[in-house]
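A.B. asks: The listed protein sequences correspond, in order, to chains A and B.
For the first sequence, the residue numbers in the numbering used here are 1 to 327.
For the second sequence, the residue numbers in the numbering used here are 1 to 327.
Keep in mind that the hints were calculated from the coordinates and are not lab data.
Some clues are possibly wrong.
[Said to hold, decoys possible] Among chain A residues calculated to face chain B with C-beta under 10 Å, some are:
no. : residue
1   : P206
2   : W211
3   : K265
4   : N268
5   : H271
It should be emphasised that the depicted structure is a prediction, and the values quoted were computed from it without experimental measurement.
We treat Cβ as the ideally placed atom computed from N, Cα and C, and that holds for glycine.
There are 2 protein chains.
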Amino acid sequence: MTISKTKITARAHTNIALIKYWGKANQKLKLPTTSSLSLTLNDFYTDTSVLFKPELTEDKISFNNEILSPIKAKRIVHFLDLVRKMANSNLYAEVYTINHVPTSAGLASSASGFAALAAASSKAIGLDLNKKELSRLARRGSGSATRSIYGGFVEWKKGFSDKSSYAVPFEEQLTWPINMVAVMVNKSEKQMSSSKGMQISVATSPYYSAWKKLCKKDLKKIKVAIKNRDFDTMGQIAEENAMRMHSLTLSASPDYSYFDADSLKVMNLVHTLRKNGLACYFTMDAGPNVKILVEQKNTDKLVTELQKQFASDKIVVASSGPGIKYL
Amino acid sequence: MTISKTKITARAHTNIALIKYWGKANQKLKLPTTSSLSLTLNDFYTDTSVLFKPELTEDKISFNNEILSPIKAKRIVHFLDLVRKMANSNLYAEVYTINHVPTSAGLASSASGFAALAAASSKAIGLDLNKKELSRLARRGSGSATRSIYGGFVEWKKGFSDKSSYAVPFEEQLTWPINMVAVMVNKSEKQMSSSKGMQISVATSPYYSAWKKLCKKDLKKIKVAIKNRDFDTMGQIAEENAMRMHSLTLSASPDYSYFDADSLKVMNLVHTLRKNGLACYFTMDAGPNVKILVEQKNTDKLVTELQKQFASDKIVVASSGPGIKYL
Numbered sequence: 001m002t003i004s005k006t007k008i009t010a011r012a013h014t015n016i017a018l019i020k021y022w023g024k025a026n027q028k029l030k031l032p033t034t035s036s037l038s039l040t041l042n043d044f045y046t047d048t049s050v051l052f053k054p055e056l057t058e059d060k061i062s063f064n065n066e067i068l069s070p071i072k073a074k075r076i077v078h079f080l081d082l083v084r085k086m087a088n089s090n091l092y093a094e095v096y097t098i099n100h101v102p103t104s105a106g107l108a109s110s111a112s113g114f115a116a117l118a119a120a121s122s123k124a125i126g127l128d129l130n131k132k133e134l135s136r137l138a139r140r141g142s143g144s145a146t147r148s149i150y151g152g153f154v155e156w157k158k159g160f161s162d163k164s165s166y167a168v169p170f171e172e173q174l175t176w177p178i179n180m181v182a183v184m185v186n187k188s189e190k191q192m193s194s195s196k197g198m199q200i201s202v203a204t205s206p207y208y209s210a211w212k213k214l215c216k217k218d219l220k221k222i223k224v225a226i227k228n229r230d231f232d233t234m235g236q237i238a239e240e241n242a243m244r245m246h247s248l249t250l251s252a253s254p255d256y257s258y259f260d261a262d263s264l265k266v267m268n269l270v271h272t273l274r275k276n277g278l279a280c281y282f283t284m285d286a287g288p289n290v291k292i293l294v295e296q297k298n299t300d301k302l303v304t305e306l307q308k309q310f311a312s313d314k315i316v317v318a319s320s321g322p323g324i325k326y327l
Numbered sequence: 001m002t003i004s005k006t007k008i009t010a011r012a013h014t015n016i017a018l019i020k021y022w023g024k025a026n027q028k029l030k031l032p033t034t035s036s037l038s039l040t041l042n043d044f045y046t047d048t049s050v051l052f053k054p055e056l057t058e059d060k061i062s063f064n065n066e067i068l069s070p071i072k073a074k075r076i077v078h079f080l081d082l083v084r085k086m087a088n089s090n091l092y093a094e095v096y097t098i099n100h101v102p103t104s105a106g107l108a109s110s111a112s113g114f115a116a117l118a119a120a121s122s123k124a125i126g127l128d129l130n131k132k133e134l135s136r137l138a139r140r141g142s143g144s145a146t147r148s149i150y151g152g153f154v155e156w157k158k159g160f161s162d163k164s165s166y167a168v169p170f171e172e173q174l175t176w177p178i179n180m181v182a183v184m185v186n187k188s189e190k191q192m193s194s195s196k197g198m199q200i201s202v203a204t205s206p207y208y209s210a211w212k213k214l215c216k217k218d219l220k221k222i223k224v225a226i227k228n229r230d231f232d233t234m235g236q237i238a239e240e241n242a243m244r245m246h247s248l249t250l251s252a253s254p255d256y257s258y259f260d261a262d263s264l265k266v267m268n269l270v271h272t273l274r275k276n277g278l279a280c281y282f283t284m285d286a287g288p289n290v291k292i293l294v295e296q297k298n299t300d301k302l303v304t305e306l307q308k309q310f311a312s313d314k315i316v317v318a319s320s321g322p323g324i325k326y327l
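Based on the sequences and whatever the hints tell you, model everything.
C.D. replies: As structure tokens, then:
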């Protein structure tokens with residue numbers, strides 16, 4: 001195990017869950033209450049470079065060309081502490097991150113962020129982790145990062161311990177021409193972090209135990225639909241699973257919501273388009289942006305309809321993306 | 001039993017449920033899956049006059065000064081058929097209704113409507129029903145009408161049969177100075193009728209069985225809070241119960257919602273005001289309007305805040321209203 005003398009750079013793509021992760025069974029280890037399934041996206045990613053240096057007296061974190069204050073750097077420093085512990089090292093690091101995902105707006109910037117950080121920092125410190133180990137490590141940074149190690153459709157097996165909770169590729173080299181169209185209705189920081197939100201849902205929603213059972217069933221069904229290339233069944237399961245996740249926010253105490261006026265507008269539009277024969281299905285995470293699943297052949301039609309209501313620069317067409325790689 | 005020779009006019013007020021009714025155990029008899037609790041409002045009501053006349057060859061229904069077409073009159077004619085059956089009569093009626101509630105906008109116009117129709121038509125045909133019987137009869141027209149027979153706080157005991165499902169006054173002569181401020185964000189007809197909506201929720205929401213258990217608990221708790229004049233506990237239970245009802249729409253298959261952009265705006269405002277120390281709590285039904293519970297002493301403050309975001313004519317302050325009466 002040798003510490004790298006040059007910086008190591010990794011790129012990880014974000015992912016959007018079709019079967020959602022919404023709640024932890026173990027806060028510290030970030031073990032989820034349910035297994036989940038996502039699609040890695042090509043168009044939103046994070047590049048992170050790491051170099052451990054003997055002369056440093058603390059970690060220096062640069063994020064989108066800004067040096068983070070100790071408070072803002074805390075979560076990343078904690079993560080580096082884990083990596084140092086694994087490597088039996090006490091060296092500090094320089095971390096340089098460029099995020100090509102809007103931060104904290106429900107587009108899972110922490111997924112690509114912690115996946116890239118896991119890959120770059122572990123290699124920089126001299127650990128030689130395989131993908132399963134990388135997935136477990138990324139999980140400690142952010143639950144959804146667990147899945148960003150792989151491309152295409154990815155399943156995060158919830159497991160029951162640090163060792164048994166990691167992602168596996170479900171279909172990594174995706175030959176199915178489908179897209180995810182993101183409508184960026186609001187790039188502002190969200191009110192309720194997903195971490196805090198899910199904690200409140202687990203603790204107070206009377207629907208939480210039904211949610212856990214539901215996800216188990218949905219996961220089975222969506223895997224069959226994906227295998228069968230049954231777009232409508234996949235889309236319907238994904239949309240309903242997402243809305244049942246958002247029901248956990250409304251039904252929590254205190255009640256809260258990630259919807260805003262434009263989210264409703266997109267959702268209504270998707271319902272209308274579908275009634276009119278255009279196969280498309282939405283999903284939403286812990287932020288107001290809406291992501292729409294659509295087959296490639298129908299993507300132009302969908303975008304044209306969206307452009308009637310939203311500025312073109314708010315509409316991003318993403319295709320399936322690859323797993324982690326070193327640059 | 002004598003048929004009245006002059007028209008009989010009854011006035012019934014609408015009611016807003018604090019513990020919601022969302023689902024039928026029996027479609028035909030309109031038996032609910034859960035008991036519910038409401039507040040009758042002074043400011044929204046229906047006046048209905050009925051006269052049964054031997055010379056008529058069909059029912060003539062006038063609604064807000066418009067003669068209804070057979071299709072639009074169908075639900076009312078069905079109700080009159082029930083009344084005729086009870087009275088062993090085959091006479092047709094003239095019905096004249098003026099509604100002081102916006103129709104089908106989540107302000108329970110059918111509650112006051114069928115309560116007034118039950119009272120006026122039963123008396124006009126010569127039946128002498130007591131309030132319990134009136135409540136049962138009104139239920140056959142519209143579930144929420146069951147409660148509009150009484151004033152103040154009213155409990156609808158779900159029962160298990162036509163005979164056992166009716167409302168009882170919980171606190172009829174209300175001495176507690178509280179108001180319900182309705183924000184009429186949209187007076188247009190709603191997309192999904194409450195009747196169809198609840199049917200889909202019962203049949204498809206994975207959260208429905210948890211909802212039924214929850215309502216039983218919430219009902220117990222809110223009755224204690226009302227007895228104790230504990231406004232915050234009452235408001236919190238009501239707001240959470242409403243959002244847990246709306247979770248049943250989001251979690252249904254197909255997913256649907258009664259929220260619109262302005263509903264979210266009002267809900268966010270209420271949350272913000274509460275954070276800033278103003279005790280107020282919202283509730284919502286099968287339409288986009290939002291109703292806010294507030295103590296009388298805080299009502300002016302609330303209205304002032306609402307007026308910063310909504311036109312004054314969209315804000316209606318309602319106090320507790322009386323039960324059914326003959327004019």
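A.B. asks: Each of the hints needs a verdict: does it hold here or not?
C.D. replies: Cross-check of the supplied hints:
1. Here the hint on P206(A) is kept, as its CB sits about 5 Å from the closest CB of chain B, short of 10 Å.
2. Interface restraint check for W211(A): the shortest CB-CB distance to chain B comes to about 8 Å, inside 10 Å, so the restraint holds.
3. Evaluation of the K265(A) hint against chain B yields a held restraint, the C-beta minimum of about 7 Å falling below 10 Å.
4. About 9 Å separates the beta-carbon of N268(A) from the nearest beta-carbon of chain B, less than 10 Å, and the hint is met.
5. Residue-level restraint check for H271(A) holds (minimum Cβ-Cβ distance to chain B is 8 Å; threshold 10 Å).
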